[in-house]
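Chemist: Put chain V on the given structure of chain Y with help from the hints.
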Amino acid sequence: MAKDTKVVAREEVVIRFSGDSGDGMQLTGTLFSDTAALFGNDLTTFPDYPAEIRAPQGSVGGVSGFQVHLGHSEIDTPGDYADVLVAMNPAAIKANAGLVKQGGIIIYDKDNFTDKNLEKAGYVSDPIAEEKLESYNIIAAPISSMVKEALKCYGLDPKSVLRTKNMFALGMVYWLFDRKLKYTEQYFDKKFEKKPEIAEANKVALRAGYYYAETIEALNPVIKIEPAPIAKGNYRNICGNVATAWGFLAAAEKAGLEIFIGSYPITPATGILEEFAARKDLGVKSFQAEDEIAGICSALGASFAGKLAITSTSGPGLALKSEAIGLGVMAELPIVIVDVQRAGPSTGLPTKTEQADLMQALYGRNGECPVVVLAASTPSNCFQFAYEAARIAVEHMTPVLLLTDGYLANGCEPWRIPSMKDLQEIHPPFANRNEIPFLPYKRDCDTLARSWAIPGTPGLEHRIGGLEKTIKGTVSYVPENHEMMVKLRADKVARVAEKIPDLKITGEESGDLLVVGWGGSRGYLITAVRELQSEGYKIGFVNFNYINPLPKNVKEIFGKFRKIVVAELNLGQFAGYLRMNLQEFRYEQINKVQGSPFTTMEIKEACLKILEGE
Amino acid sequence: MADTKTSQRTPKDFKSDQEVRWCPGCGDHAVLSAVQKALSELGIPKEKFAFISGIGCSSRFPYYMDTYGFHGIHGRASAIASGVKIANPELSVWQITGDGDALAIGGNHFIHVIRRNIDINIILFNNEIYGLTKGQYSPTSEKGLVTKTSPYGTIEEPFSTGELVIGAKGKFFARTIDTNVTLSARIYIEAAQHKGTSVIEVLQNCVIFNDGIHNTVADREVRDERTIILEHGKPMLFGKNADKGLMLNGLKLKVVKPGENGVSEKDILIHDAHEPNPGIHYMLANMRYPEYPVALGVIRSVDGSTYEDDLAEQIKTVQKGSKIKRMDDLMLSGSTWKVE
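If you read the protein sequences in the order shown, they are chains Y and V. With this note's numbering, letter number 381 in the first sequence gets 381, and the count goes up by one each step, no holes. Every position in the second sequence, counted from 1, becomes a number in this note's numbering once 1000 is added.
Just so you know, these hints were derived from the structure itself, not from any lab. A few of these clues could be false.
Facing chain V, according to a computed beta carbon distance under 8 Å, are these residues of chain Y, among others [unchecked claim]:
hint	residue
1	Tyr212
2	Ile230
3	Ala324
4	Arg463
5	Ile464
Pair by pair, the computed Cβ-Cβ distance ranges are [claimed, not checked]:
hint	chain 1	residue 1	chain 2	residue 2	range
6	V	Pro1290	Y	Lys487	42 to 50 Å
7	Y	Gly536	V	Leu1332	41 to 49 Å
8	V	Trp1337	Y	Glu556	38 to 46 Å
9	Y	Pro437	V	Trp1337	50 to 58 Å
10	V	Asp1328	Y	Thr215	45 to 53 Å
11	Y	Asp291	V	Leu1248	34 to 42 Å
12	Y	Asp291	V	Lys1252	31 to 39 Å
13	V	Trp1337	Y	Gly536	35 to 43 Å
14	V	His1029	Y	Thr470	20 to 28 Å
15	Y	Lys487	V	Leu1132	26 to 34 Å
16	Y	Pro437	V	Leu1132	23 to 31 Å
Note that beta-carbon positions come from the ideal geometry of N, C-alpha and C, so glycine has one too.
So that you can see chain Y by itself, here it is in the shape it has in the complex:
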């Protein structure tokens, strides 16, 4: 760093990398996040990319973004507005102009602001003027020509040269935040082990950007964010989908079960199947089925055969799996169905997030068909709740539906790596080999779970299936038997409440307003509540991870607040569910269905309105 460079310390900062789908923005953002995490910052990331793999070049629809929020203290959201925007083309300005903080830094590639690109983005003249961004800290860097110059002696074709533009931009950002280039350089050495010229070109572009930023004075002062005070231990960055897959793998190992996943690719859930497919080293049997129905049905077959069975999907796929979930409920087999929610209905907004599958998860089947429903609430706790889902499925012999969402699935954050020995034990209720004749629907008197008799075990031959049965597994049309079995299945799921932790409250223990969230909205809600609490409001927050059954202490907590507001990314599904189950309380709502998470600001404003609306 130059001697006369000023350095200012900041608590937190939000950076948004934005460019054409082909500009490598996801990689740029990921490399920056990894470097920040290694430095010890807490952070949350959010990739925001279009559904089209390659939308028309230079168009606003083809803009791909990656936002990272890093800080010196706990970071729970990718941040509402960016302090720094990196824009590789005019379309990136168009798509993000409204997402930069007043007076923030905008770095853009001025070589890419050609008449043609301006027109594609819908600008007539200068985008900065048209968007009224003149008062911002604008750095118009000639990125394209600088990389051409830096790499002219490396004998690369022009296309490969221009592909390093993102690294030039990243180099600039590293300088701005006083970061080391070492991790990124090592990444390229490893990634392009067999193409050293490409590795070198990227490193040259990275350094060129770093020194360029040092040379121009526009990026003064450098912003310093000290490491966050975090618990001791081993850490790594993890994204929601991988954390989900790993949670199941950990559960399988703990339970001593082999694992089988039957799934069909669907955005944004595919990453789970991909991770399982890569985990042959841990003996995973992953099956890319011919469709969603075959995905769950093959998993049910594997469950019948004694494996930990998983199927992963998103909303449209969950709709297709409904009948088979019913079969799982009737056959009382353990299986976990993961729904990585996306904006619907129908195909909807496949790459955008939403929480509108809750009712489908709870009730979207024929007949009285209860399943356990859980929801993860951060990218890394997808691990914890996948583990919980598997534990409950196996120990209670029931399908469990795990809800995550596009925001969690693609979001990444540092994660303290657990040790397998510290995870809760899982005890599969295998049938006793000596209990002959085996009665398939005989239940444990505590959990009401039936026992699991695995094909291949002598003497335990039995039949299960979708028709109503007696305790013996005999098909029965007797009305009283049907009613009894319907009630038993419902009671079995309800009794899971005995085996789950109490709901925890953040903020005030009692007071004027309780903010209620579930699943992936947690980060924005907790941030808003903390800010309001520090401003002196008597406000508390609970986030539900256990949806069905609900934790046992909900009523007690709800009773301590004058008002309750339920905030969720749908039109009020969880609020409706609470109204049905806890009718004694009145629920206000904060709802949003724009394919994007809440902003902290939105939540704060809505809460203030409720607090002041006496």
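Modeler: Coordinates of chain V only, in the frame set by chain Y:
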């Protein structure tokens, strides 16, 4: 296979305590007997059998077998059975299905299980009608058939099971008639011993809604003349006195009489079920009366690697070369850092 006791079994050992509820005279009863007979002769321990079905009259089958059984949902038996077999390749997995279950609602799963060559034995009861829903046409109903949902006759071209199986890269296809228990049992044994997906089409009579649909070829009085039982390595002769045979005439099959019109025994085709090229098998599977006899027996039986074996092999290879042996290894692999 098997390590547990393989004491001699009888068909009775495979009967469950459930009362069989198919209509009196239904072809399913005979299929059940033939399967129980075949299983008793296979020498596989009883606990290793799993019967998986979908929905339809035939799909009640698992309840009548004293083995592991899973009665699924409509059309999905192939997918469930795939999961069972991949999860535990040690099991002998049987799928019981019908023309509606396998070829209409379950068509997608049916072609894909065959393509993957998962070692499952699929018995497809083809009665060319929907029985359990009481008499609607199926994907194998002859064009023009009058049923409750085709009161003026169907206007759909039917599927030919064998053609579909071969089109889906099937490696084992056989056909039998429900009432011919001896032939059926022989085929089931061969199917069980074949590694890979085996499809056995049973021409099965629905006594209530499509009675006698297969009579033109299946009736005792005519079946010798109108069907041909193919056996690997044997000449394709048929008729009560084995006086008729099949030969190639250009690119087509032709029914001939050896000794007549200059045709000799040498001209008669020898059945080669193991030939990988499906050309002749395809023609044999598609033969229809009256132009041809209907082919019975094992029409095609070709070796090939199975999905579950290849998967196990892949896992073994990857595990050998990987440092990641358990979850702790995985979680600590790649980029990690320590906070002191």
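Chemist: None of the hints should be skipped; say for each whether it holds.
Modeler: Structure-based check of each hint:
no.	hint	result
1	Tyr212	violated (27 Å)
2	Ile230	holds (6 Å)
3	Ala324	holds (6 Å)
4	Arg463	holds (4 Å)
5	Ile464	holds (6 Å)
6	V:Pro1290 <-> Y:Lys487: 42 to 50 Å	violated (60 Å)
7	Y:Gly536 <-> V:Leu1332: 41 to 49 Å	holds (44 Å)
8	V:Trp1337 <-> Y:Glu556: 38 to 46 Å	holds (41 Å)
9	Y:Pro437 <-> V:Trp1337: 50 to 58 Å	holds (57 Å)
10	V:Asp1328 <-> Y:Thr215: 45 to 53 Å	holds (47 Å)
11	Y:Asp291 <-> V:Leu1248: 34 to 42 Å	holds (40 Å)
12	Y:Asp291 <-> V:Lys1252: 31 to 39 Å	holds (38 Å)
13	V:Trp1337 <-> Y:Gly536: 35 to 43 Å	holds (38 Å)
14	V:His1029 <-> Y:Thr470: 20 to 28 Å	holds (24 Å)
15	Y:Lys487 <-> V:Leu1132: 26 to 34 Å	holds (28 Å)
16	Y:Pro437 <-> V:Leu1132: 23 to 31 Å	holds (29 Å)
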